[in-house]
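**Student:** Dock chain B against the given chain A, drawing on the hints supplied.
2 protein chains.
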Amino acid sequence: MVRYGQTVFTICIMCQLLGMNCNTPTDIVFSFTGFATRGGLTDEHKDGWGIAFFEGRGVRTFVDHQSAVESPVAELIKRYPIKSKYVIAHIRKATQGQVSLENCHPFIRECWGRYWVFAHNGDLKEFFPVLDGSFQPVGNTDSERAFCYILQQMRKRFGDNLPSLTEQAAFMREITTEIAAYGTFNMMLSHGEVLFTHCSTNLYYIVRKHPFATAALTDEDVAVDFSQVTTPDDKVAVIVTAPLTANETWTQYAAGEMLVFADGDVLDLTQEQV
Amino acid sequence: MVRYGQTVFTICIMCQLLGMNCNTPTDIVFSFTGFATRGGLTDEHKDGWGIAFFEGRGVRTFVDHQSAVESPVAELIKRYPIKSKYVIAHIRKATQGQVSLENCHPFIRECWGRYWVFAHNGDLKEFFPVLDGSFQPVGNTDSERAFCYILQQMRKRFGDNLPSLTEQAAFMREITTEIAAYGTFNMMLSHGEVLFTHCSTNLYYIVRKHPFATAALTDEDVAVDFSQVTTPDDKVAVIVTAPLTANETWTQYAAGEMLVFADGDVLDLTQEQV
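Listed in order, the protein sequences are those of chains A and B. Here the first sequence is numbered in the numbering used here, starting from 1 and rising by one per residue. Here the second sequence is numbered in the numbering used here, starting from 1 and rising by one per residue.
This is chain A alone, in the form it adopts within the complex (with noise of 0.2 Å):
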């Protein structure tokens, strides 16, 4: 048994989460680009970030504690358009304990062979749950402290199989709704097949489809005619802690709210998924 109760974590109030859901592998680059840029220039979460691309079962994980600003991997991730259907990314502003590669989100770890990729924005000051050694925390945060917390309450619950889409997402509605009451708690958690998402003050998404229209960063001057990049097939969803962009209409969370999104979109729950 390993009690976290004696060790000081440190905690993320001053984050910022972007995730994106396509139903045909799409880059980020227009969305990272605004979104890097709060990462020590238009905002202050300069303490860190990463990124994490799922491509089929594998994933693409980026992590730095340089700033999104003056990192040459997120330079990289600006120039270099990696197509995904499921991304997560996550800036990050310490507010407690130190800056180090081990405290960047997002955060990874096996269960029933897949990955799942985690990353979180706000702080659980009192959440200090039993974790049985099962999935540990590798650096100090009290968001890897909450995944690590996660995984196993779900592999406890379901043994040794993945359970269906609709038993993960009533699980997720459980769980997020038993750790929100220890503080703060917007968070993105995919497996590479959905994306779960929980808003305890701010998350905000867009779905963009046919017809596409051009989109304007807040953060930086840049405007994208998705119309020229995309099929009218295309599906694209975005999930942020603050709007990107001035000139779309971005849905805001209700306080407590789950939304999972798969195929671009988010997912109608009241039906059986398998």
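Derived by calculation from the structure, the hints in this document are not laboratory data. Possibly wrong hints are sitting among the right ones.
Note: identical chains are not told apart, hence a pair may lie in one copy or across any two.
Dumping the calculated SDA-like pairs for lysine to any residue here, alpha-carbon to alpha-carbon at most 25 Å [unchecked claim]: (1) Lys46 / Gly58; (2) Lys209 / Tyr253; (3) Lys46 / Asp27; (4) Lys83 / Asn140; (5) Lys78 / Gln153; (6) Lys83 / Lys209.
**Tutor:** Frame of chain A, contents of chain B only:
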């Protein structure tokens, strides 16, 4: 229980490995430049590549299913001097199965609150251990299966706490011998405090230390005078499946030999290590 006996796994006979361990964080730009050239230019290992850098307890992993010669990510590694004490890199020539991101080495898992990084050269065609689900392959390589088996058996043996280095080394000697009986098992494994290496057929190492000299790559027309970029206290061990330089003396491993590296040199395992 998860039994993989019925599944077709890919094998990796023709890969190449590169490991580095230093007593002070050092960049691997020189060695990686020669190594990456084998990924499609001076050699045929063009089916993906990967590299992992420990920075404290954190790990930065870059994987790509493009060849190391063509990959923009490999280009970044050659230009961006990431400093690390433990590095493991791998270039892949797929001999069976698909070229996909989830089959690119190095593989990474968390155990006892540390990241463990693993890469393998060789094939283990008949190796189908019983995996209990605590660590499961995401892709379909014999290598990832062996890695999961090592971690599973290690945690079974030692329970909830990371054992001493002496105990870890004794366990690694035993389990690498067990696995190597199924085929060819040249491998590198690290959790950022030591680097375990095992040779079945091809593994060489060199320890660069004062007085440093000039080294010239065999795969590219590049030479570095290490005396200009080091201090007299620096020690750097480089381990590879085929020597990277022609004007230095590389020590070849004996078949079945396991060596553990720490602080830039071979660790003396006749002394008790905590």
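**Student:** So, for every hint listed, does it hold in this structure?
**Tutor:** So, going through the hints one by one against the coordinates:
1. For a Cα distance limit of 25 Å, the shortest separation of Lys46 from Gly58 across copies, 18 Å, qualifies, whereas the shortest one inside one copy, 28 Å, does not.
2. For a Cα distance limit of 25 Å, the shortest separation of Lys209 from Tyr253 inside one copy, 20 Å, qualifies, whereas the shortest one across copies, 58 Å, does not.
3. When the C-alpha separation of Lys46 and Asp27 is checked against a cutoff of 25 Å, the pair qualifies both within a copy, at 24 Å, and between copies, at 24 Å.
4. For a Cα distance limit of 25 Å, the shortest separation of Lys83 from Asn140 across copies, 22 Å, qualifies, whereas the shortest one inside one copy, 32 Å, does not.
5. Proximity of Lys78 and Gln153 under a CA criterion of 25 Å is satisfied in neither setting, with 37 Å inside one chain copy and 42 Å between copies.
6. Taking the closest pair of Cα atoms, Lys83 and Lys209 come within 25 Å of each other only inside a single copy of the chain (17 Å); across copies the shortest separation is 43 Å, beyond that limit.
This entry does not satisfy hint 5, going by the numbered hints stated previously; all others are met.
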